[in-house]
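A.B. asks: Single-letter residue listing:
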Amino acid sequence: MNLGFALRLAAREGKHGARRVGVYMTSISLGVAALVSIHSFRDDVARSVQAEADALMGANARFSSSRAFPDSVRTIVDSLEQAGAEIAAVTTATSLVLAPSSGDVRLLQVRGVSGGFPFYGAVTTRPAGRWGAGIPPNVAFVDPAVLSQLRISLGDTVVVGGLRLPVEATVDDLPTDLAFQTAVGPRVHLAMETLEAAGLLTFGSLARFELFLKLPDRAARDAVAERYGDVLSATRVRYTLAEDQAQNLSNGVRFLGRFLGLVGLGALLLGGIGVASAIHVYIRERQPGVAVLRCVGADQWTVFVAYLVQAAALGLAGALLGVVIGVGVQRVLPVVLAGALPVDVTPELSWISLLAGLGVGVWVAVIFALIPLLALRDVPPLQALRRDVTPPRPTWDAIRVVAWLALAGSVVGLCVLEAPEPAIGLGFAAALAVSVGALAFTGWALARLTRRFFPGWARYPVRQGVSNLFRPRNQTISVTLAVGFGAFIVGTVVQVQANLVDDLSDSFGGGRPNVLLFDVQPDQREGIVALMPPGLEDGLEIAPLVPSRISAINGVGADVLRSDSLREDRPEPWALRREYRNTYREELGPAEELVEGLWWDDLRSGDGAPDFAGGVLPGVSLEADIAEDLRVGLGDTITWAIAGRELASVVTSIRRVDWGRLEPNFFAVLEPGSVDQAPHTLIMVARLPEAEQRAAFQRGLVERYPNVSALDFSRVQEAVEAVLNQVRQAVGFLGAFSVLAGMVVLIGALAASRAQRMREGALLKTLGARRAQIVTVLLSEYLALGTLATATGLVLAWLGAAVVMPTVFDIDFTTHFRPLLAIWLVVTGLTVVVGLMGSRRLLSRPPFEVLREAAE
Amino acid sequence: MMIVADGLEKTYASGGRPLTVLHGLDLLIERRSFVAVVGPSGSGKTTLLGLLAGLDEPTAGRVILDGQDLSALTEDQRAGFRAERVGFVFQTFHLLPTLTALENVLVPLELVGRAREARDRATGLLERVGLADRMDHYPVQLSGGEQQRVALARAFSNRPRILFADEPTGNLDVDTGATITTMLEELNREAETTLVMVTHDLQLAERAHRVVRLSRGTIAEDRPGAGVPHSVQPSP
Ligand SMILES: Nc1ncnc2c1ncn2[C@@H]1O[C@H](COP(=O)(O)OP(=O)(O)OP(=O)(O)O)[C@@H](O)[C@H]1O
Ligand SMILES: [Mg+2]
Chain A
20 MNLGFALRLA AREGKHGARR VGVYMTSISL GVAALVSIHS FRDDVARSVQ
70 AEADALMGAN ARFSSSRAFP DSVRTIVDSL EQAGAEIAAV TTATSLVLAP
120 SSGDVRLLQV RGVSGGFPFY GAVTTRPAGR WGAGIPPNVA FVDPAVLSQL
170 RISLGDTVVV GGLRLPVEAT VDDLPTDLAF QTAVGPRVHL AMETLEAAGL
220 LTFGSLARFE LFLKLPDRAA RDAVAERYGD VLSATRVRYT LAEDQAQNLS
270 NGVRFLGRFL GLVGLGALLL GGIGVASAIH VYIRERQPGV AVLRCVGADQ
320 WTVFVAYLVQ AAALGLAGAL LGVVIGVGVQ RVLPVVLAGA LPVDVTPELS
370 WISLLAGLGV GVWVAVIFAL IPLLALRDVP PLQALRRDVT PPRPTWDAIR
420 VVAWLALAGS VVGLCVLEAP EPAIGLGFAA ALAVSVGALA FTGWALARLT
470 RRFFPGWARY PVRQGVSNLF RPRNQTISVT LAVGFGAFIV GTVVQVQANL
520 VDDLSDSFGG GRPNVLLFDV QPDQREGIVA LMPPGLEDGL EIAPLVPSRI
570 SAINGVGADV LRSDSLREDR PEPWALRREY RNTYREELGP AEELVEGLWW
620 DDLRSGDGAP DFAGGVLPGV SLEADIAEDL RVGLGDTITW AIAGRELASV
670 VTSIRRVDWG RLEPNFFAVL EPGSVDQAPH TLIMVARLPE AEQRAAFQRG
720 LVERYPNVSA LDFSRVQEAV EAVLNQVRQA VGFLGAFSVL AGMVVLIGAL
770 AASRAQRMRE GALLKTLGAR RAQIVTVLLS EYLALGTLAT ATGLVLAWLG
820 AAVVMPTVFD IDFTTHFRPL LAIWLVVTGL TVVVGLMGSR RLLSRPPFEV
870 LREAAE
Chain B
29 MMIVADGLEK TYASGGRPLT VLHGLDLLIE RRSFVAVVGP SGSGKTTLLG
79 LLAGLDEPTA GRVILDGQDL SALTEDQRAG FRAERVGFVF QTFHLLPTLT
129 ALENVLVPLE LVGRAREARD RATGLLERVG LADRMDHYPV QLSGGEQQRV
179 ALARAFSNRP RILFADEPTG NLDVDTGATI TTMLEELNRE AETTLVMVTH
229 DLQLAERAHR VVRLSRGTIA EDRPGAGVPH SVQPSP
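Here the protein sequences line up with chains A and B, keeping their order. Here the working numbering = 1-based position in the first sequence + 19. Here the working numbering = 1-based position in the second sequence + 28.
Extracted from the complex, chain A is given alone in its bound form (with noise of 0.2 Å):
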């Protein structure tokens, strides 16, 4: 091999190349610019948010629970205080709130500020500087969304409990909020005195308490967790550090900054076909030329180090472009994203993301390249004497085989590296090949029969258009693999997404019950009962609801069976030590389905049923999960700690349960008559099918019974939506980026089959074509490409969603035509507009050119 030669002759080449193929290397650029922008944005949240982590908490610590502060911790938090500590307390309950002046209610999180929080950081309200060293009692502070939920402006009335306060200022911005929090559950801030006195608080009812602390020093803080490790984790109170909170905000970055690098992977790797096939047309031009310089005498190697150097330099230049891009991106992207981000993140210059970028740009280019470059030792040197001399089909020999090897090693490589588990990078790289495959086996099947089927009877210029898909070296497939992915992944979304919203109004709408009322206390239940309108009380259902701990199984102690982690038949911890709400009722619910055993009548009914534990313990039924998972069947008993009191149950029968229906479900029923002496709140579920109904309802709820919650599903519903909205749109703008990652591909596609289709053209006007049938050629050629690759990707995506429904969303799945059609006309307009615009030059070409061997 003469390496001197094979450089000079590169070097030569290079400038004909760029200008023939240049344009691929931009299908390299777009991949590795979100690969360097995604990667240095997320070191610079990180970075920011653990220089931020003080403010982002309000304070150097906290401790937190879900029930109030047992007096132990409460002894540790005023000894901190002794020792110089500042302390501040948040207390937050959910509860309905309600504006008189519009009527409004809904369901917000109050929460009580007490103290200096927060430490760090400054509020903003509107008007400004209201929140100086606390919130002044009295009056409701709220986020601003609550304005708009209940119709409201500053200085209206809300009633909050028992009490009516006037809304002072909105809360504009708190530095320990993240943005999308607020969004999901918009508040209203009181002082603590306030919280208290508005009787939130009642027995049972779900709140949050957390205290936070001023201690800079380090190793004080880390003392705390030291020397009171043990009270807390009995007392189920968490402590939880400034900086370990900021640590895992930005692992919760880094995991999402990592699957969007997979993302960008996957556009390099779109980028890569893209090269591929542009290198594969190029070389089959310069075949011509090489089987001459093989006759002049260069051997085999010099020949593919040559062109190899070239595609690596064009490879070089297209990363190059793409780590400008990446940085620019890098920079807009905390401008663009500001609303979402917990901490202004300033963007620095990161190296090591640049030349990762760079380095695995480069890489991607070569590795793609190697093997139509392969290609280039099978030119016989006879050709260049007599031009119909067909190549020996490649054969595969080593070198091949190591060529394909290292392409197969280096993307399953580089999706581990990229994946924030080795797993998940495996998945990908599995789930990449396979939808490649998928993609470019039924963009074939598709292109065969169009071929085959066309009709005959359509117009000329139609069928040479159509047909044109078909010339020599067309990379038809590849533009399809490239352009039906990105459909390929919008259409699954957009079809998993149809039927979800489906299956939610299903649940949601009909005849299902849309409100749910907990903590009624049972002295309550005549009053809220005749609030319900006229003729509408038949369709409640009440349930009462007994908190009760498990104290033992089959009479042996719960810690006992916690503790021997030997005992064959443990059950699982988790199911022992969880808070049971237990219900008692004579009838089946309507979601759920005996599996074993009998239901109270049958068993008391005495003929042949079987008798559990002499028939004196009451009978219990379990749902078939928990029962498993508390290893017990029929006849096992359980005692249950029902406020401060025991009682001993027998397993009776196992109940099935549909858990996604809305109808108040328990694990355990107990027999009536067992446990209706206990203390119990109540649950009740109703349909209020109008609006106003269910408006005027919670209006009265709030007046008379303030510590009743009320859940409007409607409500609910249109939030799931929203979430679900947002996640189609977060995909669907990964669809767009491949998408747009296929049509660089096109476009370096048409770049590269460029000069045959000027002779084509100019062929076809030397032959007396008009303009207009130059044109509706063109048009048939690449509406039929759009239709051939969104088609292909199509579907693949219906296929997908027809599996994925049934099989990960247990819902039968139904077609949507209409995003589909919507998908086919975006996707293949672009098509045809991207192909219309590289074929200018086509229209505006004078024919005479034809005559010129070989124009180009």
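Just so you know, the hints here were simulated from the structure itself, not pulled from any lab data. For clarity, every value in this text was computed on a predicted model and none was experimentally measured. Virtual Cβ for every residue (Gly too), placed ideally from N, Cα, C.
The calculated label-pair distances, taken between Cβ atoms and stated as ranges, are:
id	chain 1	residue 1	chain 2	residue 2	range
1	B	G141	A	V739	54 to 60 Å
2	B	D201	A	W423	40 to 46 Å
3	B	Q96	A	L844	42 to 48 Å
4	B	G141	A	W415	48 to 54 Å
5	A	D318	B	R147	51 to 57 Å
6	B	L47	A	W415	51 to 57 Å
7	A	G378	B	D203	55 to 61 Å
The hints should help you fit chain B with the ligands onto chain A, whose structure is shown.
C.D. replies: Coordinates of chain B with the ligands only, in the frame set by chain A:
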């Protein structure tokens, strides 16, 4: 007159300074005549052919083809005119690679919307050039000589009144070239077409009725060829 070229001048502006390839060239060509255009490489033969066929526009002068002044037509109208009345044969065949032999022959007919009526004609022509059994083959499956025979059939498919050929045998061996020329002559005679052929092969040129020799963009010689019929004489 089938072709009237009047003071044809062609200047290329490319490459910085203008290059005049044809210098005020006059030429008259009779109906049904067979004219060979010869001359050294670079003398302007292809350029002339392109102008005569209306593929390019002259810098000065005009071309009247079959009674139609080409300079009065738009590019689209010229294309329509070619589709109706002009045929081409090229040195490098120029078949459409995505079409079969038969489909290639049909293209000129399809462009003017006469495909159905003329299918018989296309198959007839292919039989005529000895490719009856290769109609459904694609160009890559044909040898150079076979491709040029398809191109011949294509050139005659729309019954052109004028046929232009640019070195039709340039890429073929002597024997094949001779066969092609013979076919060209025969088809030309049968169809009563006017034939203008550029060639480097002087022996082949002698078979024409008339030989025009170009040199540096002007007509250096214009004489009868060996194949001259008495009814057709070169214009003075
Ligand atoms: N587009 C162009 N720009 C500049 N010069 C051109 C262009 N096309 C042709 N020429 C020049 O015009 C001259 C005549 O070219 P032409 O192709 O007509 O010659 P020819 O007689 O057909 O030669 P050959 O026998 O080699 O085919 C040549 O010198 C050529 O370089
Ligand atoms: Mg020429």
